[in-house]
Structures are given as structure tokens and as C-alpha cells.
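Q: So the chains spell out like this:
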Amino acid sequence: MKGIYYVLLLYFFLMLPPVANLMESVMIIHMHMQMTLFVIIGFLLAPALQKRFPRFFEEWNPNGIPGILLFVIVIFYWTLPRSMDEALNLWYIELFKFISLPFLAGVPLWDSWKKITASLKNGLISLFTLLFILMGWLYIWSPNQLCNNYLMIDQITLGWGFLLTAVCMIIYLAYSYITDFAKTV
Amino acid sequence: MEAIKKEYWKDKANKALGISPEDARITKSYLIVAFVAILVGGLLGLLQGMNRAGILELPVWLNYYKVLTAHGLLLVVVLSAFFTIGYFYAGLSHSLGGLLPKVRKMAWIGFWMKIFGFVLAVIPILQGDASVMYTFYPPMAAAPMFYIGLVFIVLGVWMLAFGAFINVANWRKNHKGQHIPIISFFATGVFVLLFFGSLPVAIEVFYIIPWALGWIETINVMVSRTLFWAFGHTLVNIWYMTAISAWYVFVPKIIDGRRWSDLLTRIVVIALVIMNITGGFHHQIIDPGISESVKYMHVFMSLAIGFPSLMTAYAMFAVFEKTARKKGGRGLVGWYKKLPWGDVRFLAPFIAMAAFIPAGAGGIVQSTNQLNQVAHNTMWVVGHFHLTLGMTVVMTFFGVSYWLVPYVSGRVLTKEINKLGVIQTIVWTIGMVLMSGAMHWVGLLGSPRRTSYSTYFDNATALSWDPYLFFLAIGGTLLMIGVLLQVYAVFHMMFLAPKGETEFPVADVEEDATPTPMWTERWGLWIVLMLGLVSMAYVIPLVDFIVNAPPGSPPFKTW
Chain A
1 MKGIYYVLLL
11 YFFLMLPPVA
21 NLMESVMIIH
31 MHMQMTLFVI
41 IGFLLAPALQ
51 KRFPRFFEEW
61 NPNGIPGILL
71 FVIVIFYWTL
81 PRSMDEALNL
91 WYIELFKFIS
101 LPFLAGVPLW
111 DSWKKITASL
121 KNGLISLFTL
131 LFILMGWLYI
141 WSPNQLCNNY
151 LMIDQITLGW
161 GFLLTAVCMI
171 IYLAYSYITD
181 FAKTV
Chain B
1 MEAIKKEYWK
11 DKANKALGIS
21 PEDARITKSY
31 LIVAFVAILV
41 GGLLGLLQGM
51 NRAGILELPV
61 WLNYYKVLTA
71 HGLLLVVVLS
81 AFFTIGYFYA
91 GLSHSLGGLL
101 PKVRKMAWIG
111 FWMKIFGFVL
121 AVIPILQGDA
131 SVMYTFYPPM
141 AAAPMFYIGL
151 VFIVLGVWML
161 AFGAFINVAN
171 WRKNHKGQHI
181 PIISFFATGV
191 FVLLFFGSLP
201 VAIEVFYIIP
211 WALGWIETIN
221 VMVSRTLFWA
231 FGHTLVNIWY
241 MTAISAWYVF
251 VPKIIDGRRW
261 SDLLTRIVVI
271 ALVIMNITGG
281 FHHQIIDPGI
291 SESVKYMHVF
301 MSLAIGFPSL
311 MTAYAMFAVF
321 EKTARKKGGR
331 GLVGWYKKLP
341 WGDVRFLAPF
351 IAMAAFIPAG
361 AGGIVQSTNQ
371 LNQVAHNTMW
381 VVGHFHLTLG
391 MTVVMTFFGV
401 SYWLVPYVSG
411 RVLTKEINKL
421 GVIQTIVWTI
431 GMVLMSGAMH
441 WVGLLGSPRR
451 TSYSTYFDNA
461 TALSWDPYLF
471 FLAIGGTLLM
481 IGVLLQVYAV
491 FHMMFLAPKG
501 ETEFPVADVE
511 EDATPTPMWT
521 ERWGLWIVLM
531 LGLVSMAYVI
541 PLVDFIVNAP
551 PGSPPFKTW
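These protein sequence lines map, in sequence, to chains A and B.
Letter 43 of the first sequence, counting from 1, is numbered 43 in my numbering, and no numbers are missing.
Letter 444 of the second sequence, counting from 1, is numbered 444 in my numbering, and no numbers are missing.
Calculated directly from the structure, the hints in this document are not laboratory data.
Backbone N, C-alpha and C define an ideal beta-carbon position, used for all residues, glycine too.
Be careful, since some hints might not be right.
Unchecked claim - Facing chain B, a subset of chain A residues (Cβ under 8 Å, in silico): (1) 19; (2) 22; (3) 151; (4) 175.
Chain B on its own, in the form it takes in the complex (with noise of 0.2 Å):
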């Protein structure tokens, strides 16, 4: 009775909460960005593939490093950035009981701000002053006014964090004594780490940026690739935040189940920002100026980033298990049958999470030294990220878009656009999977990363890629499919579905779980535990690039 009593509680209560249009308005805006970026880049990834395969011959105007650099932003800067915000901003306004007016201006200055810094951005790019590619550190050099643009994306990112921040401090004052609601506790490691994991590019940014105008004549190439792999790597991870969020708070619900361990789950948010930044060091192994004893040290830091994921695949398996059982399911793994497969809202996440135990395990291998000797330079790389945020992290958002994108629409999800959506599911499946495993295997034979389509004067072992980059186009064009698919469903179900109440669906926690403790709340002490971890990290590498200093690196314009 007590249950039913505070369910209803619960329900009733999130009816009178809502989303206020105001709100609406801005995770919209943000999704909107973020699938028109999905369009045009996933566009731009098709011709880069068709191009690779030697399929396809770019015209001068349009080179490949110049469609790599606009995909690569398009798709890890705009897309990721701009889901991730308008997401949890909707999380903070339905757990929180609406965004504060100044909140909501923040969160409009900061959208102006990252797309008047994507604007700058992308006319270096479109003129071919700036194939630098998404890894824009030195010695290559893009034409200033990118790294302009780039300087007011992050401005606008701190305004996003900052308001994040306010929302939920003023939220706490009110609440004394309580947790803060799962969702924006997933938030507020989001922006936590969006705001320091950024710092080390705003360094890097402001000291590129009078290197590019031509004021000093060199740069210290070690400080800024490793400035900028700290923000880089925290990138990625936030986007794998981003996506286990949705695991953790939303699945559950969708598949009438019940969130495993609240304590686990923000165990895993708190450990993930201490961490993480640190994880930076595993792309710079083939780096000179580190000396091995430190990159080993470091593979420990990285290989650590990998527990907490294992406890979250131990925790979404217990959920699926114990909800399956409940509605009958039996046998060793007969339990599976009781999921609900038809409904894209699971079935997008669920592959999703399934791509993450070859993506992670792809990682690991790339974080060992020996191994990482071989793979670095080539495809493998390539396929690995496709693997993890093509489709751990994008199959998430794909997920998650079939119910907040209604959400905040006032509108429901019909069964035709969930049957296209299972569609697209399995659309992208298909082609992520024949592309990503032909990157990961031409890798290991050994066809290099960041390079057109060339034979080598028609070398043999160059030639010998041809079959697997001929299925990296196939994979491509799934993938296309899958994006118009995809854009189709989100803006049907925007402007086009039928009117009425879709729910924000965050699941509940089991009803005899044990109650959380308070500890888990002290996020200044996360935040000085992260910072104290992130200046042991990287004192000793920064004070020998510095002291040790060479000469530096004048601007390279390599294309």
C-alpha cells in the first residue's frame, strides 16, 4: 500500500512538473543542432569512406583532409556536445522542478556563443585554411580565426556548466539532507568534467593562438599535444557518461524494471571524474619525452577508468536478469526472451551497451604499451572510435531520442515511428559493425589513419586492403541510410506526431534497496581528490617538456 501510495505520489507529481516550454524550448534547440550535425557530417563520413575505398574521387576544392576536419567537428564537437546539454538540461529541469530564468538565459548565451564559435570555425575549414582535423594541436596550423571560433565554443560550454552548476546548488540550498536526484547527479559529473576537461584546451588554444597570428615564431609541440589530450580524452568519456546515464536512469524504467543500486551507480559517476582526465596520457604512448617508466605508471590510470564499466555491465545485466525473471522469463539465459525487443527505446541502448564489450576491449588493447606500437598509426584507431562512439554512444542518443524528443514536444511515439526506428536500429548495426570491423582489420594490416586513398605506386600489401576498405564504403553507406532514417524519425516526432503526454521515464530504485549515503553528495571533495590526481599525473611530463624545452615548432600547413 505504502508503495502504491508514493508512486502515485511520484507520478502525479511529475504530471504538475512537466517540462515548462520555456525548457522545451531549449533541449530542442540543442537537438536540433545536434541532428542537423549528424546530417551534414554523416553526409561528409560518406564521402570520406567512398574516397578511402578508392571508390570515390574527391574534387580539389573538396579534399579529404578538409571533409575529415569538417566531419570530425561536425559529428565529436557539435553532435556529442549539443545532445549531451540538451539532454541533461532536460534532466535538470524535470528533477530539479525547472531550470532558474537566469539559468535558462545562460543556457541561451551559451547556444549563441558555441554556435557563433562554430561558425568561425567552420569558414577556415570550408576555405581550406584549416585541414587540421579534429586533433588540432600543433606543429600543423590552421588559420587563426579557427582557433577563434574554437576559443567561444568552450566560453559557451563553461556557460552551459556554470549554469548546470547554479541550478543545482540553488536546488541543494532548498533541499537540505537529500541526494541529488540521480539524473542530475549523472549531470553534474557531466559538467564537471566539461568544464576542467576543457581548461587544458583553453591553455592550448590561447597558446596557439599568437603562434598562428605570426606574434611568437615557435610552440611547444609535447605541451600542447598533451593539453590537448586531456581534453580530448575527458571528451570521450563524457560522451560515455552521457550514454550510461541513459543505461542506468532511463532503461530500467523502459522495460518496467527498477534501477539496480543507487550507491553503485553514483560510485561509478563519482569514480569516473576522478579519473578520468588522466586518461589522456594512453593516447600519447607512442609520444616522445615520456619516459617509459611514466607511461607505464600511467597504463594503471587507464586500466582503472575500465572498472568502473565493468561494474556498470555487471549492474545493467542484473537489471535485465532480475526484471526478465519477474515477468516469467526462465532458464540460464532463457530469461532474455521477456525483454521487450520490439520497442527501439531498449533495443537502440541494449546494442548500444552489447558494442561496448568489443569497443572497451578494443581500449584496453590500445592502452598496452606493445600493443598500442602496432595499432596507433592505423585503421584499427579509427574503427575503435567508430565502435565506441559511433555506436555505444550514438545508438544511446538514438535511443534516448525516441522518448525526448516526444518529451519535450508534447508529443507521443507512434508504433510506425518505433517500427522505423527498430529499422534504423538494425540499419546501423549492420553498417557499423561491416564498417568498424573492416577499419579494425585493414588496421592490423597495417593501412594507415589520417591518409587518402593512395596504392603506394601500387604496392602489393596496399592493394591487399582494397576488399576490406571496399566493406568500409558498404558500412558507410548503411550508415547514411541509417542518419536520413534517423533525422526523418527525430523530426517527425518533433513537429510532426500526433499531440499528447510522453513521460519522462526515470526509473525507480528497488524498494527494499539499503538508502544511500550522504558522502556520496561531497562533490568538492571529488573535485579536489580529481585535481590533486590530474597535477600528479601530468607535473612530471609538463615540467620536463617545459625545462627541457626545444626550440619549437613554426607553423606547418601540411596541405
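Chain A extracted, bound-state conformation (with noise of 0.2 Å):
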């Protein structure tokens, strides 16, 4: 339980005026990074949480569906430019991004990922390849400006990182095809 404190520190570590500041001043770094960074802390919080909750869990997340469709929304939502946008000029939404990030997306996607079966991930999985490829399209070939507080180099940076994200999980999913995880967890 001791390592929930570094886990805390961690938090309010990335919450930091500068350090946030440093995170969002590059586009890609804060929707890649500092946001990828929130929902992992969300991850190293929720074995605390399912333990302290295990009803609350239990009950709304009997079969981990509730706890995807979350998770799934809350991602899209913090892919939308405009949402970025948003989180740099009202400090309310920056507060929802803290919040939401690894209490809304994190928390739910771990308790959710040991309930769900195999085919479930991969259609995850395919789903943000999809996303993922669309984004890059969207940020890389968009003729026009979508953020306010950011770039056009910003945003093609951007693009790009999903479109290799992309990529990467294409070979995930190749991967996991022809290998049989049974052995090898």
C-alpha cells in the first residue's frame, strides 16, 4: 500500500503549474504524453480502489461492458481538438482533464481489461487503429488550423505520432493473431 504515496506524488507531480505547462506547450507531447501519463496513473491507482470498492465495482462493472464504453467515450472526448483547446483556456476543463483522465479512463479500462474476452481487446484495439488513422488524416492533412493555441507544425507533429501509433498497434494486432498468448502469460 506504501507505493499508492508515490503513485499520489507522481499525480501531483504532473499537475504542477510548470510541469504542466512544459507538457502542453508541444502539442503531441500533451495529447501523447501528459494525457497517455494521466491514465496511467489511473492504472497504478485502481488495484487501491478495486480493493477498497470491490462492491462499487461489482455492481457497475459486473462484466467490464460499462466500464469500456466509458473508458471509450472519455478517450474520444480528449481526442477532439477542440476539447485540447478548451483545456488550455478554462481552468475547469484542465481540472476535468486531471480528474477524468485517470479516474474515468484509467480506473475503468484496468478493471475492465481481466472481464472482457480476447476478441473484445482486439476489437478495441481495432478500433483505436481506426481512430488513431483517422486523426492522423484529420491533424496532418487539414488545411486549416484546429487548435487556437497551437501550430500547424504542432499539428502535423500530431498527426503523424497517430498515424505511427497506428502502425504500431497494426503490428500488435498481426502479432497477436499468430501468436498464442496462453503460453506465454
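Using the hints, put the two standalone chains together into the complex.
A: Okay, structure coming up:
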């Protein structure tokens, strides 16, 4: 349980204004690193929350589907250019980012992942692969600036980041298709 | 009783498996090339050191930069890669029950491709058309043949990497649910890095060739440099991983101990594979075109690579202390007396490990933005990589050669050669401490690297470097004596030592060790994570360099 304090320390460290400002100064680091780190904070907090509130997770997320749905909705919201802009302009949206990504995306995904079937897992990765290709296309080839706070070059970089991540997920899907994970669990 | 029975069967299996003459020939050939490379490369190094100290004037037809390029290529590309491949192919052969016939064929094709590529690269160097140094990125341009040679070297490396993958995959197919033997696990990690690390340099070279041929007028220098260092840094860590494989797997056996933790060892390999390539950025700290915030964040990535090294340091000293105490060693540090200091197979890797303490610390210094500004273009950096490559890595290779060469040659290590090895280790240690120490110090005083001897019109500061450069030359001379002793020992063990059986000394894990979880075998996942990390690390600067590209640079011949 001592580990939970280190996680909380990391959580607060990432929210410190100089740290948050540095990470938000580059569009791709804002979306692909800062937001991912908050989701990971959720993963790290999840076991303690599961232990503290077992009934809650049993009641509200018995088969993992509600948790996955919540995760998908929250992440889809945070891939929108407007949501990033608002996080930078409005303090309460920034606060919502700090809370929603660990607690409404990280924790539900952690709780749901072991409950859902392998095909649903691959379906989820496929869904995000498609989303990432779409976002890559949007950010790279959009003729206009999509975020008020970031330059075109930031936008194109983020687009390539999306496409490259999609390529990695495709490689992973191909790998999981040809490998029997039961033997390497 | 159970343990004795287990060991008995293991010994028997090891003897029965042995190394087949065909597999031994592959390793021997690679080792011969490696040690010939160190002989020639060492001699060139001596000439360079003498010239740099102002003692020796090189003739016009053999200028400093030509010697520097050949020295770098021979030791950095030939010695290290040939040793690594020969060593790991012996490991694959031993631990996987022999190489597959088609893998053997691939090993030979790879060997000749590498040799052919090397010959192609050396011709323009000797002609004075390729004095671009080991860091062969633009805007300096060599003759096209130099780059075509490099293409063949890379293709040869890929052949070897795929040979290793095929052998490991075949073993996994026939041993479902089992862990890859530890030395083959290291080999897999090293060949994964060799393949993915050489991809960027392959792209770079394909981009340079039309430029060197004059088909395109200009080249994007920053893209080329970034691609080069993604490879250059990975190559450094490939040697390092080869060295630590010997520390983890063989050194415990040589001191009659056991491996400390199989899980920790495998995690170190996985961590190094995932995090390595992006370390290239700390070679570009003073490069323009990369914003400070991006460089700052990369410092974290570079320091993260230090973490597995700290785990290694802990594991090694845990093995030493545990083994020495079992042999009756006492006291807080008094147990060290029980270690086999007279055995070169232990002494050389031990000094190599000890050297990594200052070498690693120096590396951390250089990865730090402000300190890098002071040290970047000075002899400090040269001192650093002579301490890491010339001591930590090469001394481990030397230590390994005292059992690997007899093992593949069907001969034994004699007492005389062991003694010679101990003397060689001492000579090498003194030589490298003097040379590398002088380089570090004179670097801090401002002496530049990649520059032949100059007093800058008898400038007082430049003249004050001379005493240190003198130490550099003395160290270099001792190192040359070390090279001669080592090469003699290797060829003696290969062709003249008494025939007999030498063990391939893989240490067992502790008897009460907890079983290693099977998730460590998910190589596909580690590769995807590595690719993800590399994509994230490189996407910002590369998109910037390409989208906001300057007009580019024509080829320059500065020599």
C-alpha cells in the first residue's frame, strides 16, 4: 500500500503548473504523453480502489462493458481538437482533464481489461487503430489550424504521431493473431 | 540429491551437445577477423596518439584524419560487431542444440557480405577519399564507394540477425512453454537492436548515396545526423549488452557461483531493448533545430537507460559477495579475498565492470544539457568512449576470449596463457587509465577532439595541454603492447594450445530461485513497445526538420 503514495506523488507532480505547462507547450506531448501518463496514473491507482470499493466495481462493472464504454467515451472526447484548446483556456476543463483521465479512463480500463474477452480486446485495439488513422489523416492534411493554441507544425507532428501509433497497433494485432498468448502469460 | 542429479544430466547434455565443427568454424572466423581488426586498428590508434601528442609527424599520404577514420571503422564497426556475432552464434549453437543448416549458410553469407562491404569501404579510405571519420554524416561527403560498402555491411548484419531469429523461433516451436535459454535471450535482444538500430542508418545511407554521386544537389543535414545517431547510440549499447551478457551468464560460473536472478536479468534485457534507440538524442544536445524543451525531456529517456545499469551493478556485486561468503569470505568487504583474482577469465571482466562506474558517471555528465555544452567538442568525449568501449566492453571481450577461443578450437587454457592474460589485463588497465584519464582532463581544459596536433600559433592555453597529451601517448603505447599480447594469446589458444575440452561456462540459477514468469517471452510486445517509443521520440524533431527543411547542404570535402 506504500506504493500508492508514490503514485499520488507522481499524480500531483504532473499537475504542478510548471510541469503541466512544459508538457502542454508541445501539442503531441500534451496529447500523447501527458494524457497517457494520467491514464497510467489511473492504472496504478486502480488496484487500491478495487480493494477499497469491491462492491462498487462488482455492481457497476460486472462484465467490463460499462467500464470500456466509459473509457472509450472519455478518450474520444480528449482526442477532439476543441477539448485540448479548452483545457488550455479554461481552468475547469483543465481540472476535468486531470480528474477524468485517471478516474474515468484509467481506472475503468484497468477494471474491465481482465473481465472482457480476447476478441473484444482486439476489437477495442482495432477501433482505436481506426480512430488513430482518422485522426492522423485529419491532423496532417487539414488545410486549417484546428487548435487556436498550437501552430500548424504542431498539428502535423501530432498527425504523424497518430499514424505511427496506429502502425504499432497494427503490428501488435498481427503479432497477437499469430501468437498463442496462453503460453506466454 | 535432486540437485546433484540435475547437474549431472546438465553436464552430460553439455558434453554431448558440445559445439559442432561447422558451428565452431563460424565463430572462429568471426573472432579471427575481430582480432586482426584490433591489431591493425590498435596500430593506427598508436599512430594517432603519437601524432596528437606532437611526438610523431605523419606523412602526407597517411594524414591524421585518414588514420582516425580507419581506426574508428576497424574498432567500432569491425572488432565489436564481429566479436559480438561470433560470440552470440557460439551461444546460440550451445544453448539451442546447434545452429540450423540454413542459419549456418546465412551466417556465412552474412560474413562475406560484411567482408566485401568492408573492403569496399576501406579502399576509398586508403585513397584519401573518405576521411569522414566513423561519424559519417553530412555535410562531409566521402566517395560513393564508401557508402556502398556500408550498405553491404548493414545487409550482412541483417542476414545474421535473421539467422538468429530463425534459430530462436525454431527452438521455441519445439520447446513450447519454456524460456529461451538465457544466453540466447541476450542474443535475441542484441540482434533485435542490431536490426532495428541499423534501419535508420540504412535510410541515411540510401539518402546519402545519390547526394555523394551528385544526383541530388543538397541533403538535409539534420535528418541525416538524427538517423545516424539513432544507429550510433544503439550500436554503443549493443556492445554494452554483449558485455553484460558475459557478466550475468558466464562470470558467476567462472567464480563457482550461481546467477543471481533470472527474472532481473531478463527485465534488464527487455528494458535495454525498449529504451535504447531513443538515447541517440543525447549525442545531439548541442545540435540546432531541436527545441530545448524536447532536449530536456530526452534527458529523462537517456537517464532511464542508466536504470538497468544500476540493476546490473547490484546483481553483479550480489553474486560476488554471495559466492565469496560461501567460500568462507568474512567481513564487510573482506570477502573479496576469496574471489579468483589470478584467473584472467574473472579479472578482466571484473576490471571492465569497475571501469563502468566512472564511465557510466561520465556518460550521465554528458547527457546533462549544461555540462554537455562544456564537454561536447572536447577530448573529454574521446576519453569517455575509450573508457566505455576500450575498457568496459573490450576487456570483457578479452576475458571471454580466454574460454571462448579454446572452446571453439577444441583446446584448453594453459597456465602460461592465463598468466600472460593477467599481465595483459594489468598492462591494458594502466594504459587505458592513463590514456582515458588524460583525455578526460585535457578535454576539460579545452583541448578539442577530431583535430590533429596543433599549438594554434603557440597559444599559451594550447601549449598547456602538452603534458596531458604526453600521458595520452604513453597510455597509447602501453595499449599497443596490450594489443600484441592479446592477439598473441588468441592465436595461440586457437592454433597452438594443447588439445582438450573446454566448458561453455553457463551458470545455473540459485537453487531456491523463484520461477521466471512467462510474460518475459513476449518478444513481439517488446518490439511494439520499442517501436512506439521510437515513434514518439523521433516524430517531433523529424517532422520539424522535414516540414521546415532548409535548402540543404552540398557535399563538402574538408580534408
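Q: For the restraint on residue 151 of chain A, tell me whether the closest CB of chain B is nearer than 8 Å.
A: violated (11 Å)
Q: Next item in the hint list is residue 19 of chain A. Is there a CB on chain B closer than 8 Å to its CB?
A: Violated - the Cβ of residue 19 of chain A stays beyond 8 Å from chain B, reaching only about 11 Å at its closest.
Q: Let's test the interface hint: is any C-beta of chain B closer than 8 Å to that of residue 22 of chain A?
A: holds (6 Å)
Q: Should the interface hint for residue 175 of chain A be scored as holding, given a Cβ-Cβ cut-off of 8 Å against chain B?
A: Check passed: Cβ of residue 175 of chain A comes within 4 Å of chain B, closer than 8 Å.
In terms of the numbered hints stated before, the structure departs from hints 1, 3, listed from lowest to highest.
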